[in-house]
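My request is simple: use the sequences and hints to build the entire structure.
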Amino acid sequence: MSSLIVDISVYSAILPFIVLLVKWKKIPRTCLPLCIYIILSLFNELWADVVIRLGHYPLSRPISNVYVLAEPVLLIWQFRNWKLFVGRTRLYRAILVTIALAWMVLVVFGTGIHSVTSWYRIVSCFIMTLVALSNLHFIFVQNRSDFLKSANFIVTAACIFFFSYRLVHEIFYMYGLDKDLDFLRDVYVIACLNNIIYTLLLAYALLWTDRKQPYLLRY
Amino acid sequence: MDGPQTTLFTAILISAIALTVFLIYFFVILLRQQRINRRLFREKLHAEIETLEKERRRMAADLHDDLGPSLLAIKFQTSSLELADPVDQEALALAHTRIDQLLEKIREISNDLLPSALGRKGLAAAFEEFTRAVSQNAHTAIHLSIGCQPALPPEKSVHLFRVLQEIVHNAIRHANAAHLYIDWTENNGLLSITCTDNGKGFDADEVSGRSRGLGLNNIVSRTEILGGKLYLDSTPGKGTRYSIDIPL
Chain A
1 MSSLIVDISV YSAILPFIVL LVKWKKIPRT CLPLCIYIIL SLFNELWADV
51 VIRLGHYPLS RPISNVYVLA EPVLLIWQFR NWKLFVGRTR LYRAILVTIA
101 LAWMVLVVFG TGIHSVTSWY RIVSCFIMTL VALSNLHFIF VQNRSDFLKS
151 ANFIVTAACI FFFSYRLVHE IFYMYGLDKD LDFLRDVYVI ACLNNIIYTL
201 LLAYALLWTD RKQPYLLRY
Chain B
1 MDGPQTTLFT AILISAIALT VFLIYFFVIL LRQQRINRRL FREKLHAEIE
51 TLEKERRRMA ADLHDDLGPS LLAIKFQTSS LELADPVDQE ALALAHTRID
101 QLLEKIREIS NDLLPSALGR KGLAAAFEEF TRAVSQNAHT AIHLSIGCQP
151 ALPPEKSVHL FRVLQEIVHN AIRHANAAHL YIDWTENNGL LSITCTDNGK
201 GFDADEVSGR SRGLGLNNIV SRTEILGGKL YLDSTPGKGT RYSIDIPL
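Those protein sequence lines, which keep their order, are chains A and B. Oh and the first sequence: position 163 is 163 in this note's numbering, straight run, nothing missing. Oh and the second sequence: position 89 is 89 in this note's numbering, straight run, nothing missing.
Just so you know, the hints here were simulated from the structure itself, not pulled from any lab data. Be careful, since some hints might not be right.
[As the list claims (entries may be wrong)] Within a straight-line C-alpha distance of at most 20 Å, the following computed PhoX-like cross-link-like pairs (lysine-lysine) qualify: (1) A:K212 to A:K25; (2) A:K149 to B:K229; (3) A:K26 to A:K212; (4) B:K54 to B:K156; (5) A:K26 to A:K149; (6) B:K229 to A:K212.
[Claimed, not checked] Not close to chain A: a few residues of chain B, all C-beta gaps over 10 Å, as computed: (7) A11; (8) L113; (9) T131; (10) A138; (11) N198; (12) P236.
Everything numeric in this text was worked out from a predicted model, so none of it was measured. All C-beta atoms, glycine included, are put in the ideal place defined by N, C-alpha and C.
This is the structure:
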């Protein structure tokens, strides 16, 4: 059962990719970071799956470590395209610099690119949750369109859900690193469920990216 | 898994479930609150526009029914004066000319406040009349293509007329457009109006953040009151396109 959930989690990344391919011509240029993110996440999942199946687990780590740097950068860039940082360019740059510095210190100079560190993931998940919450506030105050048909809202909700859970998960995972493999696998299954919901939400959000939004007054 | 590991796993599982429930609850109340906010905002807009329209109707009626007839009465009364002095006669003639000019101005203001053709001839004819009058004094050529005669109730006709009036004014006053194309069609119970100008355009996001901007608030508010949707494409230097869909 748990291996089935892990497999579904890995291959669930294909779903948003398929939506991306189908909608490619209609997706606006402002959603480019989201598109790159979906392609990268599929590549990361498939690469990790292939190398693990071939018994070369350590080979997945450098790609995974680069991916965890690209993930928040691309999402924050996407939020910027959705006008979150209008008039706050310094904040935008400061967040990106913080993520890059954290990655350099905790991943490259810390544990090294060939091993996994929970500390960087905790920092990036914390930053991503805060940025997504800020964007949620921005949407709630500025936007009067139907939230359930807004790609911006769906991606934001997905990010809050995914990163806040991953933050908690990483903390527990770090605490239980010395536990046995059964325990780690069971904890990983919960993360996989979170990942499945996240990718489904991303696929659903992509469906709404090409819909023309009516022009509405702000509150 | 041994005892402590099972306990830790249970703690993780409970935390995950609790977090999920909190987040779902959070988003549900957020969506409900947004629906309430949208409804309240719509009601506020509706009340504001209705008050404005009532006031305009009252002012138009006052001008047309009180001020106009009073001026006419003054003109008739003074006409009956038998003035011997040619200087006085000239002064009286000048006063009558001024009264005629005032009456004409009152008619213009009254028509601006509430177009009389709207009630008499309907929306399409009133708008055609308006664009003809505006084109004479403006550098913008208005190309009007009316593909249908929408059967709208009077209060809705007023709102739609105002929307179109505002679009024309924006194209002339703010966009400095040389051409404004207005297409008007009906499809499956939906009135679709497309207005495209080749003016200087603007940043719609920047304008929507302001409390007042190019009368755009007026256009959006009235479109919402009509239960319609406004799609706006505008880029600085590349003109503006308004697409309005209104259910009939």
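Structure versus earlier hints - violations, ascending order: 7
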